[in-house]
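K.L.:
Read off the chains here:
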Amino acid sequence: NAGVTQTPKFRVLKTGQSMTLLCAQDMNHEYMYWYRQDPGMGLRLIHYSVGEGTTAKGEVPDGYNVSRLKKQNFLLGLESAAPSQTSVYFCASRTDSNEQFFGPGTRLTVL
Amino acid sequence: AQKVTQAQTEISVVEKEDVTLDCVYETRDTTYYLFWYKQPPSGELVFLIRRNSFDEQNEISGRYSWNFQKSTSSFNFTITASQVVDSAVYFCALSPLFSGGYNKLIFGAGTRLAVHP
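Chains as they are written, first to last, in my numbering: chain A, 1 to 111; chain B, 1001 to 1117.
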C-alpha cells in the first residue's frame, strides 16, 4: 500500500514548455485534489475530482488542466508554463470520512 | 467567507519550552472539520489531527494537545516540552462539509516553529 505517490519529484521547465504531473493512489478513493504551495502561504486548491471521469475547478485553476481517466490517477497538466507557476504541487485523496492523504509533493521551477 | 488565520508567522523557542500555535477560522457552515498538519524541512505534509465541529473535547496525544473552542472559532495547538524535532511549519486547515460539496481544505498561511537546543 503506497498511499499517494507523485511523479516527478522535481522538474525545471522553460517558459512556454508543457508538462504533466501524475498523481496515483491505491486506496480506492473517489475524491482527489491538486494543490499548490507558494512561499509564506498555505496550500491552495487548483482542481479536484469527485470520481473517475469528473473534474472541477478550485480556487486557482488558470493555466492548468486535469484529467481523471482512471480512478487511481489524477493528472495535472501545464500547457504553456509560466514563471508564476513555479511552486510545490501536492496531490491529495480522501476517504468518505474526510481523512485526507497527501503525496510527497513535486517541486516545479519555471525559468 | 471561509478563512483560516494563523497570526503567528514564526515562533522561536528553546528546547523543553511549551509553545502554543494559534488558529482562528471563519465559516458559515455549521458542520465542518478542522485539521492540523506538520511540514518538516523535508517537505511532506504530516497529518496530526482531525476534529469535527460537533466535538469540542480537547485532545491530548503525547506532548501534543489541541484546544477547540467554537465560541471563539479557534483551534489552538500546544506542544509541551518542545524538542528540536518539532521544528517545522505547522498548518491549520478547515474543511467545510457543505460549501462547495467537495470537502476541500482551506489552509492557513502556516506558522514556522524553530526549536533551538
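Everything labelled a hint here was simulated from the structure, so no lab data went into it. There could be a bad hint or two in this list.
[What the hints assert, rightly or not] Just a sample of chain A residues kept apart from chain B, beta carbon distances all over 10 Å, derived:
#1 12
#2 19
#3 40
#4 45
#5 58
#6 71
#7 77
#8 85
#9 92
#10 98
#11 99
#12 100
[As the list claims (entries may be wrong)] Capping the alpha-carbon separation at 27 Å, the derived lysine-lysine pairs in BS3-like fashion look like this:
#13 A:71 / A:9
#14 A:57 / B:1003
#15 A:57 / A:71
#16 B:1070 / A:9
#17 B:1003 / B:1038
#18 A:71 / A:14
Glycine included, every Cβ here is placed at the ideal spot set by N, Cα and C.
K.L.:
If a hint holds in the structure, say so; if it does not, say that too.
P.N.:
Do the hints match the structure? See the list:
Non-interface call for residue 12 (chain A) relative to chain B: holds, since the shortest CB-CB distance, roughly 17 Å, exceeds 10 Å. The claim that residue 19 (chain A) is not at the interface with chain B holds, since no C-beta of that chain comes within 10 Å of its own (minimum 20 Å). Annotated as non-interface, residue 40 (chain A) brings its C-beta within 10 Å of a C-beta of chain B; the closest such distance is 6 Å. A Cβ of chain B approaches the Cβ of residue 45 (chain A) within 10 Å, the least distance being about 5 Å, so the stated non-interface status is violated.
Residue 58 (chain A), annotated as away from the interface, has a beta carbon of chain B within 10 Å; the closest lies near 6 Å. Residue-level check passed: residue 71 (chain A) sits 16 Å from the nearest beta carbon of chain B, beyond 10 Å. Interface exclusion of residue 77 (chain A) from chain B stands, the closest Cβ pair being 20 Å apart, more than 10 Å. No beta-carbon of chain B is positioned within 10 Å of the beta-carbon of residue 85 (chain A); the least distance is around 18 Å.
Chain B draws residue 92 (chain A) into its interface by the beta-carbon criterion, the shortest separation being 8 Å against a cut-off of 10 Å. Against the 10 Å criterion, residue 98 (chain A) falls within the reach of chain B, whose nearest CB is about 5 Å from its own CB. The Cβ of residue 99 (chain A) sits about 7 Å from the closest Cβ of chain B, inside the 10 Å cut-off, so the non-interface label is violated. Residue-level check failed: residue 100 (chain A) sits 6 Å from the nearest beta carbon of chain B, not beyond 10 Å.
Between residue 71 (chain A) and residue 9 (chain A) the alpha-carbon distance is near 22 Å, which keeps this suggested pair within the 27 Å criterion. Of the pairs offered as hints, the one joining residue 57 (chain A) and residue 1003 (chain B) holds, with about 19 Å between alpha carbons and a cut-off of 27 Å not exceeded. The hinted pair formed by residue 57 (chain A) and residue 71 (chain A) meets the criterion: a straight-line CA distance of about 18 Å does not exceed 27 Å. This hinted pair does not check out: residue 1070 (chain B) and residue 9 (chain A) have alpha carbons roughly 39 Å apart, beyond 27 Å.
For the proposed pair residue 1003 (chain B) and residue 1038 (chain B), the alpha carbon gap of about 19 Å is at most 27 Å, so the pair holds. With a C-alpha separation of about 31 Å, the suggested pair residue 71 (chain A) and residue 14 (chain A) falls outside the 27 Å cut-off, and the hint is violated.
When held up to the earlier numbered hints, the structure conflicts with 3, 4, 5, 9, 10, 11, 12, 16 and 18 and fits the remainder.
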